[in-house]
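Enquirer: The lines below spell out each chain.
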Amino acid sequence: MATHVLTPATTAYRSGLYEWLTTTDHKKIGIMYVINSFLFFLIGGFFALGVRAELAQPGLQIFKDEHVYNEFFSIHATVMIFLFIIPMLAGLGNYIVPLQIGAPDMAFPRINALSFWMLPMGGILLLAGFLASGGAAAAGWTSYPPLSEVGPTKSPGSGQDLWILSIILIGTSSILGSINFLVTIFKMRAPGMTLFRMPIMVWTMLVTSVLVLMATPVITSALVMLFIDRNLGGTFFDPFHGGNAVLYQNVFWFYSHPAVYVMVLPAMGIVSEVLPVFSRKPLFGYKAFIFATAGIGALGFSVWAHHMFTTGQVFLPFFSLMTFLIAVPTGVKMFNWCFTMFRGKLTLSTPMIFAIGFLTMFLIGGINGAFSAAVPVDFALHDTYWVVAHLHYVLFGGSVFGVFAGLYYWFPKMTGRLLNEGLGKLHFVLMIVGFNLTFFPMHILGLEGMPRRIADYASDAGWNDLNLAASIGGFIIGISILPFIWNVFISLRTGAIAGDDPWEGNTLEWATSSPPPPYNFDRLPEIRSERPVFDARHPHLRHKPGELADEMGPA
Amino acid sequence: MSSPPRRGLAPEAIVAGGVVVLLVALVAAVFVSGIGQNLYPPDAATSQAKDTRGLYDIVFALAIAIFLAVEGLIIWSIIRYRRKPGDDELPPQTHGNNLVEIIWTVIPTVIVLYLFAISYNTLNTVNAVSDAPDIRVHAVAMQFVWKFEYLDGSGNVMATQTVPYYATTSADCAQASMTNAGCGGMALPVGKKIQITLDSPDVIHAWYVPRFLFKRDVIPGQTNKFEFTIDPGDAGQAFRGQCAELCGTGHRTMLFTVLGLSSPDYDTWLKSLVEITNRTPPPVPSGAATLQLTAQNIQFDKTSLEAPANQPFVIDFKNMDPPGVMHNVQIRQSDGTTVIADQPTIDGGNEAQYQYQGLAPGTYEFICIVHPSIMHGTLTVP
Numbered sequence: 001m002a003t004h005v006l007t008p009a010t011t012a013y014r015s016g017l018y019e020w021l022t023t024t025d026h027k028k029i030g031i032m033y034v035i036n037s038f039l040f041f042l043i044g045g046f047f048a049l050g051v052r053a054e055l056a057q058p059g060l061q062i063f064k065d066e067h068v069y070n071e072f073f074s075i076h077a078t079v080m081i082f083l084f085i086i087p088m089l090a091g092l093g094n095y096i097v098p099l100q101i102g103a104p105d106m107a108f109p110r111i112n113a114l115s116f117w118m119l120p121m122g123g124i125l126l127l128a129g130f131l132a133s134g135g136a137a138a139a140g141w142t143s144y145p146p147l148s149e150v151g152p153t154k155s156p157g158s159g160q161d162l163w164i165l166s167i168i169l170i171g172t173s174s175i176l177g178s179i180n181f182l183v184t185i186f187k188m189r190a191p192g193m194t195l196f197r198m199p200i201m202v203w204t205m206l207v208t209s210v211l212v213l214m215a216t217p218v219i220t221s222a223l224v225m226l227f228i229d230r231n232l233g234g235t236f237f238d239p240f241h242g243g244n245a246v247l248y249q250n251v252f253w254f255y256s257h258p259a260v261y262v263m264v265l266p267a268m269g270i271v272s273e274v275l276p277v278f279s280r281k282p283l284f285g286y287k288a289f290i291f292a293t294a295g296i297g298a299l300g301f302s303v304w305a306h307h308m309f310t311t312g313q314v315f316l317p318f319f320s321l322m323t324f325l326i327a328v329p330t331g332v333k334m335f336n337w338c339f340t341m342f343r344g345k346l347t348l349s350t351p352m353i354f355a356i357g358f359l360t361m362f363l364i365g366g367i368n369g370a371f372s373a374a375v376p377v378d379f380a381l382h383d384t385y386w387v388v389a390h391l392h393y394v395l396f397g398g399s400v401f402g403v404f405a406g407l408y409y410w411f412p413k414m415t416g417r418l419l420n421e422g423l424g425k426l427h428f429v430l431m432i433v434g435f436n437l438t439f440f441p442m443h444i445l446g447l448e449g450m451p452r453r454i455a456d457y458a459s460d461a462g463w464n465d466l467n468l469a470a471s472i473g474g475f476i477i478g479i480s481i482l483p484f485i486w487n488v489f490i491s492l493r494t495g496a497i498a499g500d501d502p503w504e505g506n507t508l509e510w511a512t513s514s515p516p517p518p519y520n521f522d523r524l525p526e527i528r529s530e531r532p533v534f535d536a537r538h539p540h541l542r543h544k545p546g547e548l549a550d551e552m553g554p555a
Numbered sequence: 001m002s003s004p005p006r007r008g009l010a011p012e013a014i015v016a017g018g019v020v021v022l023l024v025a026l027v028a029a030v031f032v033s034g035i036g037q038n039l040y041p042p043d044a045a046t047s048q049a050k051d052t053r054g055l056y057d058i059v060f061a062l063a064i065a066i067f068l069a070v071e072g073l074i075i076w077s078i079i080r081y082r083r084k085p086g087d088d089e090l091p092p093q094t095h096g097n098n099l100v101e102i103i104w105t106v107i108p109t110v111i112v113l114y115l116f117a118i119s120y121n122t123l124n125t126v127n128a129v130s131d132a133p134d135i136r137v138h139a140v141a142m143q144f145v146w147k148f149e150y151l152d153g154s155g156n157v158m159a160t161q162t163v164p165y166y167a168t169t170s171a172d173c174a175q176a177s178m179t180n181a182g183c184g185g186m187a188l189p190v191g192k193k194i195q196i197t198l199d200s201p202d203v204i205h206a207w208y209v210p211r212f213l214f215k216r217d218v219i220p221g222q223t224n225k226f227e228f229t230i231d232p233g234d235a236g237q238a239f240r241g242q243c244a245e246l247c248g249t250g251h252r253t254m255l256f257t258v259l260g261l262s263s264p265d266y267d268t269w270l271k272s273l274v275e276i277t278n279r280t281p282p283p284v285p286s287g288a289a290t291l292q293l294t295a296q297n298i299q300f301d302k303t304s305l306e307a308p309a310n311q312p313f314v315i316d317f318k319n320m321d322p323p324g325v326m327h328n329v330q331i332r333q334s335d336g337t338t339v340i341a342d343q344p345t346i347d348g349g350n351e352a353q354y355q356y357q358g359l360a361p362g363t364y365e366f367i368c369i370v371h372p373s374i375m376h377g378t379l380t381v382p
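Chains V and A, in that order, are what the protein sequence lines are.
Under our numbering, the residue at position 161 of the first sequence is numbered 161, and the numbers go up by one with no gaps.
Under our numbering, the residue at position 15 of the second sequence is numbered 15, and the numbers go up by one with no gaps.
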């Protein structure tokens with residue numbers, strides 16, 4: 001146990017900045033994760049707007065050199081996945097998980113700081129590619145060889161090497177973080193916090209950490225092989241010298257498909273915290289939800305090759321079946337969320353509307369994904385804008401809406417002040433309108449055969465209007481971030497004081513002050529269910545026999 | 001729990017019901033008006049594509065049903081179950097229900113198993129490859145050219161069509177015509193079983209024709225194979241095709257066209273392609289100026305050339321790159337807009353004597369159309 005953080009007398013800071021740069025407090029590290037990830041969200045968004053600006057009209061207007069366009073979409077995706085969504089959710093988990101299980105800190109506070117500081121380093125490495133000769137990595141965020149190998153028409157520049165090193169560094173950060181989460185969750189729970197009384201957010205972080213721990217070393221191996229091919233004369237992926245080009249894809253997706261669940265499960269956890277609180281009901285089917293989460297985690301390792309149906313190197317029926325099956329636990333969750341709201345008493349505060357945004361948009365991302373599980377349909381849709389629509393309905397409609405639900409929900413806990421509701425709702429409306437205007441038309445473009453990753457399309461192909469609509473939507477998304485930034489800016493100064501528990505929360509983070517003291521808790525309430533703070537608020541409802549399977553009956 | 005009967009319930013239920021009806025009506029309107037047609041793939045042009053389309057329709061119908069049911073439930077709950085200001089009473093604290101959990105696990109499982117079964121079934125027809133197709137074409141995708149080799153019964157190359165060479169300017173295509181092989185495209189007879197084999201000498205590409213609802217990756221070191229039969233009703237149609245796997249800076253330019261021709265038209269087309277393929281180049285006129293130009297490592301060995309004014313001249317062009325890397329020499333106005341003279345691409349390890357008409361004095365640009373961004377230079381005519 002890291003007992004040193006329990007000492008309340010750590011007030012003699014040398015300076016605020018020095019304290020933040022050297023902190024091992026999971027809350028400060030969590031906030032730094034969030035701020036760092038948000039900055040990379042803005043950077044990734046800048047690249048996305050560059051792409052949308054180019055596609056607004058036929059012809060090449062912004063990128064005279066198409067290679068720069070390829071750099072933009074490659075770095076957009078890399079930043080959004082590895083430097084925004086994954087660390088943003090890890091950061092929220094870093095802040096919330098110890099609080100929710102009644103622990104004073106993460107199990108390894110110094111490793112926690114190390115895994116954070118690797119992220120800005122990785123990001124700088126990645127973006128340094130723009131200064132390298134030949135520019136940044138431009139072979140897509142997937143960087144399939146042979147295109148990502150060295151060659152005059154492949155990827156001759158060192159930007160591709162910087163990309164490899166950056167992802168390895170960020171992956172190492174993820175592995176360290178996942179070990180930290182697992183040990184924290186298994187060894188540092190407060191008395192009474194059994195596994196089946198843990199908040200769903202903690203459960204999703206637990207399953208996510210298992211996925212990260214098992215999958216990340218695999219992509220690291222792919223990246224090391226690619227690095228050897230590029231720099232040391234290796235031929236792992238060179239089919240004309242004994243290698244195999246598709247081998248990379250198998251190894252890459254063995255990580256990168258589970259990574260989708262790394263990006264979605266914690267967002268599901270956030271939504272599963274927000275919906276019950278603002279519906280004033282417990283999560284419907286708590287245990288079923290946990291089993292579904294574990295089920296997604298397990299099945300998530302058996303679907304990777306559905307990204308490769310068109311390679312002709314995949315045993316199609318197996319991966320088709322597993323991909324269809326993974327829809328089942330996801331569907332179970334969707335029904336549980338709906339029935340959490342059903343017959344509840346809903347308050348549509350900003351965290352709640354973002355959580356509802358998650359439900360409505362992630363539903364579309366789940367449904368349009370099922371099309372690609374049907375292999376012949378995937379032959380038509382693969383590598384078209386349909387897939388771009390699908391992945392954004394999952395990762396933006398799902399993860400990003402979930403992230404904002406979490407930010408609005410926990411901002412009062414982190415800062416002690418409430419965000420402005422009006423600005424929050426303006427943010428939501430602009431974002432959901434812009435999001436659908438951007439990504440819904442991509443379904444139609446994809447069906448009509450518009451392939452991905454191209455700077456300019458024939459002006460007579462009939463795609464001009466929908467591309468323009470998508471570009472307008474993209475800029476509306478960009479604008480929607482402004483009220484959020486303004487909201488944070490003014491609320492930090494003048495926002496209403498939140499108090500310990502502004503939302504009538506269920507879980508332990510609401511049992512301490514806002515923001516919590518460095519050691520987190522003066523005292524903990526009794527933990528007899530997955531809603532200890534609710535139980536303390538409604539003592540007459542406690543110990544209802546049969547409510548939970550592990551209840552021992554009236555005391 | 002023992003709340004008094006609520007008189008406000010009925011109007012709320014009407015509002016909620018109204019919204020759900022509105023949602024359904026909106027979706028119905030989208031489809032009736034024809035806008036909904038955009039949510040279906042384009043008309044299937046092959047028998048395999050028709051099977052895929054049938055599968056798509058079933059998946060789509062189920063998707064719409066699930067979408068409406070779940071979104072309806074969400075919207076219903078948002079409208080119907082709102083906390084009133086000052087209402088501090090808790091709603092019933094339902095923790096779950098094992099029966100409904102089992103129901104909504106089993107029903108989706110049955111649905112996805114059904115979808116798997118029908119897609120497996122369709123896959124077996126869409127993916128089937130026979131030993132004796134009617135037509136064989138070997139398609140080679142390379143940065144950034146498609147080469148279509150028409151094979152005879154014993155697998156020998158009868159004729160070769162290279163795209164995009166003929167898609168630009170060609171002496172063989174004085175007047176655009178579907179049945180003239182000199183005008184480019186990949187012609188195929190309708191109603192015949194066509195087998196395509198795919199190879200790449202460099203990076204991964206993908207052969208994709210949207211109206212065939214089909215694509216297949218072109219992978220170096222691995223020959224992929226697939227079959228289709230173009231619908232006889234589509235004779236005379238041109239189908240847009242494009243590389244669908246990011247393959248480098250010229251990825252955008254890897255466009256091609258598939259022409260569906262009736263059998264007699266196809267025979268005419270193939271005959272003219274065989275002629276073009278087997279034609280021996282005309283002898284170099286004696287006394288014509290000859291310029292030397294070599295391509296190696298995707299670079300020209302010269303960045304400037306000089307040719308005499310108003311006299312025919314020859315470029316003696318060597319492609320020293322390995323087989324699979326195609327180059328040519330195209331002459332354009334110096335601003336790059338107008339193509340003045342084009343020549344067929346040649347494969348690595350070959351050489352060609354490109355003949356050009358006399359040019360007016362001025363400055364021109366010469367490029368390799370396969371690698372325009374890295375292989376270009378200035379042609380001066382004093």
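It is worth saying that the hints were derived from the structure and are not from the lab.
These figures come from a predicted structure and were not determined experimentally.
Don't take each hint at face value.
Computed list of lysine to aspartate or glutamate pairs in EDC-like fashion (alpha-carbon distance at most 20 angstroms, straight line) [as the list claims (entries may be wrong)]:
no., chain 1, residue 1, chain 2, residue 2
1, V, K345, A, D234
2, V, K64, V, E504
3, A, K271, A, D134
4, A, K193, A, D231
5, V, K64, A, D347
6, V, K154, A, D152
7, A, K50, V, E448
8, V, K345, A, D335
9, A, K318, A, D335
10, A, K147, A, E227
11, A, K271, A, D131
12, A, K84, V, D522
13, V, K345, A, D87
14, A, K225, A, D134
15, A, K50, A, E89
16, A, K147, A, D172
17, V, K154, A, D199
18, V, K345, A, E89
19, A, K147, A, E275
20, A, K193, A, E227
21, V, K287, V, D522
22, V, K28, V, D522
23, A, K50, A, D316
24, V, K154, A, D172
25, A, K84, V, E421
26, V, K64, A, E365
27, A, K192, A, D152
28, A, K50, A, D199
29, A, K225, A, E275
30, A, K318, A, E275
31, A, K302, A, E275
32, A, K192, A, D134
Restraint-style ranges between C-beta atoms, simulated for each label pair [claimed, not checked]:
no., chain 1, residue 1, chain 2, residue 2, range
33, A, N297, V, L232, 13 to 23 angstroms
34, V, E504, A, D57, 45 to 55 angstroms
35, V, I124, A, K84, 46 to 56 angstroms
36, A, Q37, V, S133, 44 to 54 angstroms
Chain A residues, not near chain V, derived (Cβ > 12 angstroms throughout) [unchecked claim]:
no., residue
37, T122
38, V137
39, D217
40, D234
Every residue gets a Cβ at the ideal spot worked out from N, C-alpha and C, and that includes glycine.
Enquirer: None of the hints should be skipped; say for each whether it holds.
Expert: Consistency of the hints with the structure:
1. V:K345 / A:D234: violated, 59 angstroms
2. V:K64 / V:E504: violated, 55 angstroms
3. A:K271 / A:D134: Distance ~17 angstroms between K271 of chain A and D134 of chain A Cα, so the pair holds.
4. A:K193 / A:D231: holds, 11 angstroms
5. V:K64 / A:D347: violated, 29 angstroms
6. V:K154 / A:D152: This hinted pair is violated, its Cα atoms lying about 34 angstroms apart.
7. A:K50 / V:E448: holds, 15 angstroms
8. V:K345 / A:D335: The given pair, whose Cα atoms are some 69 angstroms apart, is violated under the 20 angstroms limit.
9. A:K318 / A:D335: violated, 26 angstroms
10. A:K147 / A:E227: holds, 18 angstroms
11. A:K271 / A:D131: violated, 25 angstroms
12. A:K84 / V:D522: Violated, at about 35 angstroms.
13. V:K345 / A:D87: Holds, because 9 angstroms separates the two Cα atoms, which is no more than 20 angstroms.
14. A:K225 / A:D134: Judged against 20 angstroms, a Cα distance of about 14 angstroms means the pair holds.
15. A:K50 / A:E89: The hint is violated at about 58 angstroms.
16. A:K147 / A:D172: holds, 17 angstroms
17. V:K154 / A:D199: At roughly 18 angstroms apart (the allowed maximum being 20 angstroms), D199 of chain A and K154 of chain V satisfy the hint.
18. V:K345 / A:E89: Within the cut-off at roughly 9 angstroms; holds.
19. A:K147 / A:E275: The hint holds at about 17 angstroms.
20. A:K193 / A:E227: This hinted pair holds, its Cα atoms lying about 7 angstroms apart.
21. V:K287 / V:D522: violated, 30 angstroms
22. V:K28 / V:D522: Holds - the C-alpha atoms of D522 of chain V and K28 of chain V are around 19 angstroms apart, at most 20 angstroms.
23. A:K50 / A:D316: violated, 50 angstroms
24. V:K154 / A:D172: violated, 33 angstroms
25. A:K84 / V:E421: Satisfied, since the Cα-Cα distance of roughly 18 angstroms is no more than 20 angstroms.
26. V:K64 / A:E365: holds, 18 angstroms
27. A:K192 / A:D152: holds, 15 angstroms
28. A:K50 / A:D199: violated, 26 angstroms
29. A:K225 / A:E275: violated, 27 angstroms
30. A:K318 / A:E275: violated, 24 angstroms
31. A:K302 / A:E275: Answer violated: K302 of chain A to E275 of chain A is near 34 angstroms, above 20 angstroms.
32. A:K192 / A:D134: Distance of about 6 angstroms is within 20 angstroms: holds.
33. A:N297 / V:L232: 13 to 23 angstroms: At 21 angstroms between Cβs, range holds.
34. V:E504 / A:D57: 45 to 55 angstroms: holds, 48 angstroms
35. V:I124 / A:K84: 46 to 56 angstroms: holds, 52 angstroms
36. A:Q37 / V:S133: 44 to 54 angstroms: holds, 49 angstroms
37. T122: Answer for T122 of chain A: violated, closest chain V Cβ roughly 5 angstroms.
38. V137: Holds, since 17 angstroms exceeds 12 angstroms.
39. D217: Given that some Cβ of chain V is not farther than 12 angstroms from that of D217 of chain A, nearest at about 5 angstroms, it is violated.
40. D234: The claim stands: D234 of chain A keeps its Cβ more than 12 angstroms from every Cβ of chain V (closest is about 16 angstroms).
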